[in-house]
Each structure stands twice: as C-alpha cells, then as structure tokens.
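> Let the sequences and hints guide you as you build the complete structure.
By the numbering used here, the letter at position 189 of the sequence shown is numbered 189, and the numbering carries on one by one without gaps.
Hints are computed from structural coordinates only; laboratory data are not their basis.
Just to be clear, a hint being listed does not mean it is correct.
Below 27 Å or equal to it, Euclidean Cα-Cα: the simulated DSSO-like pairs (lysine-lysine) are [as the list claims (entries may be wrong)]: (1) LYS74 to LYS358; (2) LYS83 to LYS422; (3) LYS74 to LYS280.
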Amino acid sequence: MASNPGPLTNWPWQKLGNVKYMVLSPFVANSLYSIMSKEERERDVTILYIYPFFLWRMLHSQLWISFARYQTSKTNHRIVVDKGIEFEQVDRERNWDDHIILSGIIGYIAVMYLPWAARMPMWRWDGLVLTILLHTGPVEFLYYWFHRALHHHFLYSRYHSHHHLSIVTEPITSVTHPFGEIIVYYMLFSIPILAMFCTGTASVSGIVGYITYIDFMNYMGHCNFELVPKWVFNNFPILKYFMYTPSFHSLHHTKFRTNYSLFMPLYDYIYGTMDMSSDKLYETSLKGRKETPDVVHLTHQTTLQSFYHLPPAIASLASKPYSPNWYMWMLWPIPYGFMFLTWVFGSTFTVERNVFDKLRMQTWVIPRFSFHYSSSRQKDAINGLIEKAILEAESEGVKVMSLGLLNQGEIFNGNGELYLQKHPKLKIRIVDGSSLAVAVILHSIPQEAKQVLLIGNLSKVSCAVSKDLCRRGIQFWLVGDGGVQRDEAQRRALEGTHFIPCSQFPLAKARKDCIYYSTSAMIIPKALQNVYSCENWLPRRVMSAWRVAAIVHALEGWDAHECGDSMLDVEKVWLASLRHGFLPMVAP
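If you want it as structure tokens, here you go:
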C-alpha cells in the first residue's frame, strides 16, 4: 500500500478474497440469457466474446508470470542482480487480476448499454490504423505527463509509491496499482477504443488486439531480464523511439526520475528525461553475466497438485505452505500435460535462485512425482536423471548438491552412494543432510521426555536418532511409516503425545489432543535473499534440514561427502548451522 493512501486506494471487491470473481457472474448470466431468449436474427453475439477474452487475459498473465520466474531463476541476463523478491512483494502483488475483472465489467456494460458497441464486425483495417495513430499520439503523450505528475510527492505518497515498492519487478508488478490509479489508466487506454466506436471503425479483433498489446508490453517491460534481441534495433534503428525494453523501464524503478514513457521512449527523448545509461544497461544485460551456483538443491514434486506450488507456477500458491485444494482438481489436465512434456524431454529444470551473502544457490527439480519413486520400473530412469543432474552440476562448477525428498532413498540409490561408486572422482560434494536432520530431531525432543515413539521407516536418520536415545537412557519405539502401523500408533498414543517425524514427509494429523511437529527444518537468516516461495509444506522462510545442510556444508568449506552410510558429526553440523544464523523452529 502507498505510504499515505489516498481516496479510491482499495478495490471495491477487496474483502471478497478469492470469491471476487463472482462479481462477474450476474453479467455472464445476463449475457447467456440475452442470447437464449431472443430470436436468431435479434441476437448480438458480441457479448459472448467478453468472457473468453477475460479468460485469455488471465492465461496471458499467467504465462508471463511462469516465463519470467523460470527465466530469472536460471538466466544470466538479469537486470537487477543485487536485490531479490521477497514474500512482502508477492503479497502486495496478489491482486494483479483485479484490473482484468474491472475490464470484464466494463466490457459487459458497454455491450449491453452502448449502441456503438453492439454487433461489431470481426475485423476492420481502418480501425487498426486509427488505433495505432491515437496510441502513439494522445495516449503515450498523456500517459507520459500523468506519470510525471504521479511522481510529485502529493500523488506519489498517496498512490504511485505502492507500485514503486517493487524494485525488482515481475510482469504482474506492471498492474499492481491502487484502484483510482487504474481508473485513470483505463480512461487513457479507452481513447482509441472510443474513437473507433465514434467513427464506426470498431471491430472485435481490433479491441482484443489493442488490449492484448497493452498487456504484452506491460508484462515484457517489467521482466527483470533482457529479452529484446539486438538485431531488432540494428535492423530497425527507429524502433528505439517506439519500443522500450525491460532494461529501459528497470531504470525507472531504480532511479525513479527518468524513463517515464509508457511503451515508447520517444517522449523521454523529447522532454529530456531519458536516462543516459539506458543503452549501456541494455547492452550489459543482453551480454549477460556468467553465474555459477555454489549449491544446488535437487528435489522433485510430490503430488500432481504440487505442480501449482512451484515458484514459476501460481505465485499466490507457491508463497504458502502446500496443502491440496479441491478447486485445483478442475485443472487436472495441466499437471498431466506438464508431466508428459517433462517425460519426453527428460531433464531437470530450475525453479528458484537464492543468495546468501556471496553464496549462490539454485533449486533443480527432477521431472517426476512421488508416486513414480514407488515403481520399480522407474528406478533406473530416475537414477539416470539424478546422475545426469549431478554430472551437469559438476561440469558447471557447483560445489555442493543436496539430495531432497526421495532422491536419496536408501533402497533407491543407497542414500546417494550409487553415484559416488560410478563416479569416484567427483569434485562436487553430495550431501544427503542426514546429520542436520538428526540434530533437529534430537533438539526437538523435550528434555524431560522418558519415552519416545519414532514414526518412520528404518533409515540412517532413524538409526542415528535411536542410537542417541539409547545413550541418553530414553525408552523408544520405532513404528514404520506404513499407513496401518502409523494410524494405529497415533490411535493408541496417550493424550499430549509429541509426534516428531523421522522422515522427510509430514505426519497427517489424526489427533487433536496431541502435538505434531514439522519435518526436520530450520528458520533461515534474513541475509538469505530472494526467498518468495515455501518449500513444500513448510512455513515461510523455513527450509528443510536436508537443504540447509548443503548450504552449511558449502559455507564451512567441508570437503567430505555425506551420503551412503557416512554421516558428519551431528553436534558439529548443528553448531555450524546456528553460527551461520539458522534457527530451530519453535516447538508447536
């Protein structure tokens, strides 16, 4: 929100949450009724184009979100490299779709009540020419001066500062504005559309094309990486006055008093507000900076719905701990299609990039889901993908790789030892994080505990925990992670029992009178930046112990592998993690 919010800051449906889309339902129902209740010669099918166009704008926006997040996690052409995106920005930009809902309402009202908007043809050339001329002239000119006015302290503090809170921009940053500011933008963008109506040159494709052009340029300009190839300006030099680039607009977000233009830098050239470093930043960003991650966390997706929780997928879901949502099942073809594509291409993909002081980190995802790991037919294929990822990281100069979730199965690959046996001269260090996971579990057990029930399959983690409990003289039971055994153990537990999982997967809460702990994890320090998504079911700014272990491994410069049967000193790893600012989670 702006530093000093003015009138018309909040959207009318702000309090409705995800139910806000229902504000369109009366208009959709009325449009269907108007078509079905009239004779064929009296029907105006123009109104039927509005809802599909609404869906197209939503899809177009989501494609840009996914494309931009995927690119910024792996590309060397990022523009702003010394800052990152955090959860505060994700929450602030959560209402990016409000303006699309508004445009849908305006579209329905226009077709229902304005005679010029009825029975439009599909295409008209004269309308296209008129739109180009009016956008280049009045729209760009008026926007330029309105934008400069927004940077006056009176309007900036009440409205435009909300948009500029995002230094590192994403495509949806472009439409994150107070309600009143969006109203003015829509008035400007309506100039060519109203002119087409008044001159009788309006067409469905003309209006759809113009609004899609606005969305496309808006989203492109707010990507934090350069994607406009150099040959475009080399072959058409005049375009530098009529098409901006992401690096051009990025300077406006970092310097505030330059590069005010909408999409055409022409007016910045005319009025002397063009940033002199625009061309240099464009060249530098396009050339790119070679960046090699120091640490790679290799994980996989759990369920089909977990696809939507990947950082490049749905931003609002990725910023919350994973939990199944009934309404996401309606989109079931998407994860299946994604699974098929990744199956065909058969390689890992990057979903996240983090920075901790000078340490650079990435998260790579194996294109498989948890249910694939239980299939014996998939064993060789998945091990091949993991081995390929390790060798790729080795060739790039990565120092440490952590194996997350089922990528380190004892039966599957001997906790990663399989890859060391095949490639004994690996320079990259393979870390399964078992030592830190054990440390987190042991420090989670209350000091006064006399009996402990461990739920999890027999593994090096559960064995290490059991050994320490024996040393402390604590009586314990180890119950397998199978459904029947696990449920029976929960049912028979006494009231107030503390359930602490030994596996990487959380325990389903079956008792309200017992205390359930998270899987082994630690709160990350503030210095760890560009964290804007949750790791699976963990809370915000919390990482699994298996992932943290690799970061600590790299920070300490340890030279040993931690996989197979080998395990680092538990207390040594625990103290090192605390020394670097990682904190244990507060007991529930």
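> Next, verify each hint and record whether it holds.
Verification of the supplied hints:
no. : hint            : in the structure
1   : LYS74 to LYS358 : holds (17 Å)
2   : LYS83 to LYS422 : violated (40 Å)
3   : LYS74 to LYS280 : holds (22 Å)
The structure is inconsistent with hint 2 alone, although it conforms to all the rest.
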